[in-house]
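K.L.:
Sequence:
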Amino acid sequence: MKQESVCLTPAQREAVQSLDADCIVSAGAGSGKTRVLVERFLHILDRFGDDPELTEKMVAITFTEKAATEMKDRVRKGMKERLRHARRQKNVVEEQRWYRMLTESERIRITTIHSFCTRLLQDYPIEAGVEPGFSVMNEVEAQLLLKESVEASLSPMMDCPGANYLEQWMTSRSFERCISTLTDVYSMMVGNGWRPEDLARRTSDHLSMVTRQLEDKWRSGKDSLLLASAPLMDVNGGKKVTEFQSAWPDLKREIVSAGDPKALLPILEEANHLLKGNWGRKEEIVSLRHRMKEHLEHMLEVTQGLLLLPTEQKMTEGICCLLEMVDRRFAQAKQERSMLDFDDLQTRAVRLLREHPDVLNRERDRIQYLMVDEYQDTNDAQKQLVDLLCEPHACPGKLFVVGDPKQSIYRFRGAEVNVFGQTRKEILSRDGREVVLVDNFRSDVYLVDFVNGLFSRLMSQDRNSPNYYQETIARQDSTGEGRVEFFSVPDQKACPNGKDPRMIEAAGIARRIRQLIDEGTPPGEIAVLFQAMTHIKKYEQELVRQGIPFYVVKGRGFYDRQEVMDVLHYLRFLADPEDALALTGVLRSPFCGVSDETILALTREKDWMKSLECWMDIREISERERVKLKGFMAHLAKVRQWLGRISVAELIEHLLEDSGYRQVLWATPQGKQACANLDKLVSMARDEQIQPVYSLRSFLQSVEQWQTVQQETEATVEPAEGNSVKLMTIHQAKGLEFPVVFVPDLSRSPNRSDCDVSVDRQAGLVVRLQGITDTSGESYRWLRWLEKEKELEREESVRLFYVAATRAKSRLILSGQPLQHKRIKKGEGIFSAATWSEWLDALFGFCNMPEENGVWALDDKGLAMHVWFWKEEESMSPSVETSLLDHSEFPESTVSDPESEDMSVATAPRGWMPEDRKPISVSDFMLLVHCPRKYFYARILGLFFPERLMERESTDREKEEGISLSPQLKGEIVHKMIENISEAADETELEDLFSQVMNRFGISTIRRERVKTEIFSHLKTYRNSRLHQNRELNSEMKKEARFIHEWAGLEIEGVIDRLHRTSDGSWELVDYKTNDIEASRVMETAKEYLPQLQLYVLAAKEVWGLDVSQATLFFLKPDQEFSWKVDQQWIQQAKKKLVETADQLRQGKEIGDYPPDPGKQCRYCHYQRICEAFQ
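Residue numbers 1 to 1175, in UniProt numbering, belong to the letters of the sequence shown in order.
Don't take every hint at face value.
No more than 16 Å apart at the CA atoms, straight line, and that leaves these computed lysine to aspartate or glutamate pairs for EDC-like [as the list claims (entries may be wrong)]:
id	residue 1	residue 2
1	Lys1135	Glu650
2	Lys222	Glu131
3	Lys77	Asp46
4	Lys638	Glu653
5	Lys537	Asp500
6	Lys638	Glu620
7	Lys222	Asp250
8	Lys1012	Glu1040
Across the chosen pairs, the derived CB separations fall in these ranges [what the hints assert, rightly or not]:
id	residue 1	residue 2	range
9	Asp1119	Glu852	44 to 52 Å
10	Cys614	Arg1081	36 to 44 Å
11	Lys239	Asn418	45 to 53 Å
12	Glu578	Thr171	55 to 63 Å
I should point out that these hints are in silico values taken from the structure, not numbers from a laboratory. A virtual CB, placed ideally from N, CA and C, is assigned to each residue, including glycine.
Kindly generate the complete structure, drawing on both the sequences and the hints.
P.N.:
Written out as structure tokens, the structure reads:
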């Protein structure tokens, strides 16, 4: 029967019916690949259904249980349709045949790769060396056990080769980061199907090969460098050219005579210094200098690489030794439990087939047809398994793989997109077949045209590239509604009232969704797809404001939810009555609900935690607040009676019910989700115990373990098909489709890997040596890996954009700040920038975008986007409707203000996670550097109430003393005036500028007169300084240079006051300070700002490519400068400090991870009352 041929395209039909040769199918988005798999399965049943063992001979492998279940259901549905068709045709033989196969359909082997491997090992436990009744660990169990194995292996590391280097590596990084790194490296190793000895052998072989290459490059590189220098000796130029021509002959002789890399390195560094600075703009000289600089940098890289090879070899040997110890401990721990993890399933299955030919032959004979879905997401170990089962050349037509390399976006899970291309070549080399599905059945013709127009430019035309793009053909009839929109988000400077651009973007998207819903689009047909969920809360808040139902698919961290943190704080306080932070969190929560002022009054009392009854005697507390405290104390006394008498799960339930906490949540806009999360917490407490456990401390210890190894998601409150707007990551949306898709934050910089040890399929183990050796630079192998990694990240970023754009059926709405691609104007490629917004600018030019809402013509072939802008008059969002919570017995202070993120943060320690990667300001960075404990209180816990009250008291005092501007506001005003002052400004211009700045900051006329003298005093100091008087310093300069850049996993945002080029061609960085200090304290104060200047110097180098030679603080009040000379050692210290700070944020979760730094500043700290360091 050929029923399927009626509704299949020619390409689909070819894929379905190709049973005589191995086949690989490249299936674009919306091309119906799942349908092809199902129809192929049915086609084989149709042709060979008389074989009673056929269902056992067919295996289809998918990569999720959901996909396997869906495919099974579709196959059964197809079988039922064929059974009904046979009955209608009164074909008794066919009817009986399909009936028999349908009754046997439970035997159909449509399974995940892990389920397939599990069954294989269960069938051959003795040969595989596993316990017959083994069980499979879940991911959390496996991660905890692996982490324990790594920790246990670090103690005896002194027995490893290169132990001294390993020790330096550990001391230059935090202990937690070392554990995390080794855990990741071990997972990468087994993901490739390797044992530690395999990794060590591959690494050693690659090191030997690179050694030979570097030795050859070192010999030939010297000659190339000398040849490149010759033309520079014959040109006429300025001061820098003359200096070079004078010094080069001696350096040239030293280069020729240098007999080894160690002798050559300082000579090359001196030559490199000669080539720095301003060589003028004469094209002939600039090009010759650039050519020589390329040769010199190459020679430096080779020389440093040779010098670092011995250290690199010892480090890699040591880490391989550590991994071997980890492997033994991990294997032993799993064996003691009779358990395997997911990686074991794959590696042991491959090993079983390789080491036991009889098993391999038996399994090959059992499988006649092997079909693999989503093949672009496989790794090397999975490919090895498929290759072993298929026995190339012996059984053509057995292997059938389907995938789309353009949708390979799971590198972070170990997927290797190149596996698809490698398998394609292998299949074609043995006379197999390739089928390309180019028909798009999903999207409106307009969207298909847009995707073709965009990604034919962004992706490759090379057939062998994983990003090869072939234009698709729309098969969906146009609805007349298909369109692409772009929401142009203003940058920080253009945002009204100092709003955050991301908040404006969220508000604009929420308003557009409201318009679509009002026009008739059901909420369930709309999805918002994020590159990362870092700023999801802003979108939740704006959707709540608009009254739009929404659902966060596998929402943000379960343990970060306010309601979960509240309960855990209560439990922690019950377990430890001296935990001040936990008690503070409980008091601020709906369990008590007192105001920040009340908590401050409590903490001012001596021994305030030891005698709660004394709270009633504090005069500053109002009667209303006393009622709340009295109610809380009564509830607390009751709860303490339950301790040890009921299980933890029952204790949590009693807490919630007796306090009325659930009722409060149900009255909030997200009450349904919050209550579901609490139910999940109760369930987790119940599941943790086989018999009821009464130990609160044991449960809290388990929670701490869960938090370290997993990103627990929120509870599910509705089915995926519910009628609400879906908020999810692009990764979560893969395989799904929606009529309307929003893709926000196009101006987001992608995550960059900040690892310092990794595994490469060709090179084996690669290690970053920063902080381990005194030799400058990095190892050659690490630099080459880093180049390749950046290229792979770029390619995957394009694919991620493609996946996002192809989820839409009828409307695609992009949004973000229209960033200018500055580098493309310098002749660099489109991918020299990293953001999707800059790519759009390079391709279509934001300069061509209309200035008002309208159509943006992208090319002359009709490709266009509908553009809309943020209107300042729209900046006021509709207020949220009053809820029952506003009238409950709990105070107003317990209701989170959607406009204030800080207010929504309870006092649960959260720390920083790589997937959050939210921007951290330079001010917060400095706060963390100066006192980690203060940062913990202020930013992690959100305990800002003392500071706010102190500011209020300070403001009152300042008014009495006649001071009307805070130091921060005064500094901003001075900076703004310096930024805009002209070289020849007279008194009139200064007065006008002063008025403009005061208007900008909303300063009243009376207050202006009070501060004018002080402001003008600072201006006079600046105008008399060399920075204003020396015109040469003002010829090439950057003022108020804003940057957002990613270092070590932190996205840091800041503004550099001034960068100018000096007479020798280098750059000086200047930061103005308006501190009111004495001249004698300048040096002491300057040292406090050193981390800030280090950060600025790194930004100048990495953001704009400027080599800063001097960093200066200009203190305007005592009119003094303090400068640091910036050299390579200074830069290395800056990088080290940055990495240490990032590590602290990454690993920090509890108060102990943020130690106090007691000193003079403690006397002025707002957190004295709760900090034991001050006590």
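K.L.:
State for each hint whether it applies.
P.N.:
Results of checking the hints against the structure:
1. Lys1135 - Glu650: violated (50 Å)
2. Lys222 - Glu131: The given pair, whose Cα atoms are some 61 Å apart, is violated under the 16 Å limit.
3. Lys77 - Asp46: Holds, at about 14 Å.
4. Lys638 - Glu653: Given pair Lys638, Glu653 holds - Cα atoms ~14 Å apart, limit 16 Å.
5. Lys537 - Asp500: holds (13 Å)
6. Lys638 - Glu620: violated (27 Å)
7. Lys222 - Asp250: holds (15 Å)
8. Lys1012 - Glu1040: With a Cα-Cα distance of about 23 Å, the restraint between Lys1012 and Glu1040 is violated, given a limit of 16 Å.
9. Asp1119 - Glu852: 44 to 52 Å: holds (49 Å)
10. Cys614 - Arg1081: 36 to 44 Å: Cβ of Cys614 to Cβ of Arg1081: about 42 Å, so the range 36 to 44 Å holds.
11. Lys239 - Asn418: 45 to 53 Å: holds (51 Å)
12. Glu578 - Thr171: 55 to 63 Å: violated (33 Å)
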